[in-house]
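K.L.:
I would like the entire structure built from these sequences, with the hints used as guidance.
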Amino acid sequence: MIDALSYDFMQHALAAAVLASLACGLMGSLVVVNRLVFLAGGIAHAAYGGVGLSFFLGMPVIPTTVGFTLGASLLMGKLTLRRTDRSDTVVGVLWAAGMALGILLLDLSPGYNVDLMSYLFGSIMAVPGEDVLAMAALDVLLLAVVAYNYQDFLCLSFDREYARTAGVPVDRLHYLLLSLLGVSVVMIIQVVGLILVIALLTIPSRLAEYGAMSLAGMMVRASVYAMLFSLAGLWASYVLDVTAGAAIIALAALTFFIVQTLGWLRAALFRP
Amino acid sequence: MSEPAIQLEHVSFAYNGDTILDDVSLTVERGEFVVILGPNGGGKTTLVKCLLGLLTPRQGLVRILGKTPPLGPGEIGYVPQQTMVHKGLPITVEQVVQLGLRARSLPRAERKARALEALQRVGLTDCLRARFDELSGGQQQRALVARALAPRPRLLVFDEPTANIDPRGKHCLFELLGSLTGDATVLVVSHDLIAASAKVTRVAAVNRRLLQAQTDGSHTPLTPEMLALLYGTHDPDCPVDGYLTSVARMLQGPQLTARTAPASTPLLQDVSS
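Protein chains in written order, with this note's numbering: chain A, 1 to 272; chain B, 273 to 545.
Hints listed in this document are in silico derivations from the structure and should not be mistaken for laboratory results.
Honestly, I wouldn't trust all of these hints.
[As the list claims (entries may be wrong)] When the alpha-carbon atoms are kept at most 30 Å apart in a straight line, the in silico DSBU-like pairs for lysine-lysine are as follows:
id : chain 1 : residue 1 : chain 2 : residue 2
1  : B       : Lys359    : B       : Lys321
2  : A       : Lys78     : B       : Lys359
3  : A       : Lys78     : B       : Lys471
Quantities reported herein were computed from a predicted structural model and do not represent experimental measurements.
P.N.:
This is the structure we're talking about:
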């Protein structure tokens with residue numbers, strides 16, 4: 001493994017994994033505590049529409065996909081802001097529609113033969129240096145915005161109705177959160193793929209919820225857990241010669257099920 | 273002379289064509305302890321949201337502490353239903369209480385002191401560093417009361433404070449709420465008739481319309497008209513009638529008994545004479 005670190009592609013992969021983990025720890029904690037996991041999945045899949053659009057129109061992939069995903073995020077935000085009872089249906093429709101649109105537009109794009117699998121599981125071993133820098137910039141942006149709005153996010157996450165009466169700009173924060181999520185998802189999909197984004201947004205954050213004493217603590221823990229899963233998955237990928245993204249997800253999911261099972265057992269054995 | 277804490281004049285509210293509140297008027301003076309009873313779907317939460325400025329009535333006047341809502345942060349201490357709170361969030365009791373001071377630009381030490389003072393008032397200082405979701409239902413409710421108290425508001429509004437609390441916890445909670453009057457006006461909305469047993473200065477019943485009565489300090493004037501507004505009228509052999517009769521006896525002593533049929537007669541009748 002030490003030998004592997006001498007290669008540029010491996011250094012980039014490690015840097016990408018660490019930076020993606022930090023972004024996922026920050027955003028994933030807000031996603032999990034605000035119960036937006038399904039919405040995050042919807043945004044991630046709707047991003048496919050942006051990929052298809054960029055190839056169909058012959059425009060740069062990242063700006064086009066970011067713009068499209070931001071639009072999809074804000075649309076989902078608008079449709080789900082007050083109608084929480086039926087939000088899953090709306091998100092499900094946009095989820096499927098965005099992905100279908102992306103595939104159709106790619107089919108209709110002449111001369112392109114895009115490997116959609118690379119968007120599903122990403123290509124973390126082939127991350128160019130500029131993508132690493134872009135992710136570092138994204139992390140700085142996320143840290144700044146979350147730190148500036150931390151108390152408001154905390155109030156919103158704990159009790160949305162109270163937050164409205166306490167003068168928290170609930171609607172603005174809702175759209176801000178989804179916009180940050182949309183941008184993060186697009187940037188990270190380029191590196192680690194759609195499936196790993198959802199896994200890194202949810203699993204480390206859910207595990208971090210146990211034992212944390214604050215939302216900030218949960219974010220730090222989630223980032224550390226995501227990094228551990230990513231680094232261990234990269235190592236497993238190198239040693240076993242398997243797909244890195246899938247190895248990271250498998251490790252995270254296995255840990256999640258073990259922790260959940262231990263929790264259930266403890267509750268069953270020590271229930272008063 | 274200061275304006276009333278709450279002033280509602282001919283307030284009506286409709287949602288999707290359904291009238292939720294119809295010509296509701298209520299005046300609550302400062303320092304009062306008021307309970308508004310109502311069945312589920314009777315318009316209690318809509319009424320609260322109109323007071324808080326989260327909803328605007330179709331017609332009528334709403335004035336809170338002499339101003340048109342919404343008021344500034346911290347002027348009203350609002351305690352929503354516990355079910356609205358995300359209990360899995362990693363947050364300590366102290367952090368929850370400090371959320372009430374979010375809008376106040378207070379130094380860190382002052383925020384901590386205010387949070388501690390609020391927790392002392394609700395008897396929860398032992399749980400300062402505990403995670404909110406590790407507390408019992410009653411303790412969680414007390415922590416939410418402390419959050420509302422922390423900014424020292426002049427009006428406290430409680431939406432269904434007894435939900436998910438056992439009878440002993442309810443008793444303790446109403447004792448606590450009674451102790452808060454003086455500094456502030458306290459308004460409780462609840463579907464739980466037990467709320468009327470607290471030492472309140474005014475009881476109202478809302479079920480689209482609103483009826484109210486002022487207490488004389490010795491008993492709760494839950495009038496037959498109020499019970500009829502809340503639950504309609506029932507035949508004497510109807511189980512609902514039996515339940516209401518027992519609750520009414522518990523609230524008002526043995527001098528009242530139920531007599532619910534025919535529908536035109538009062539639900540309760542004073543038989544002590």
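K.L.:
All hints, please: hold or fail.
P.N.:
Tested hints:
| no. | hint | in the structure |
| --- | --- | --- |
| 1 | B:Lys359 <-> B:Lys321 | holds (23 Å) |
| 2 | A:Lys78 <-> B:Lys359 | holds (26 Å) |
| 3 | A:Lys78 <-> B:Lys471 | violated (45 Å) |
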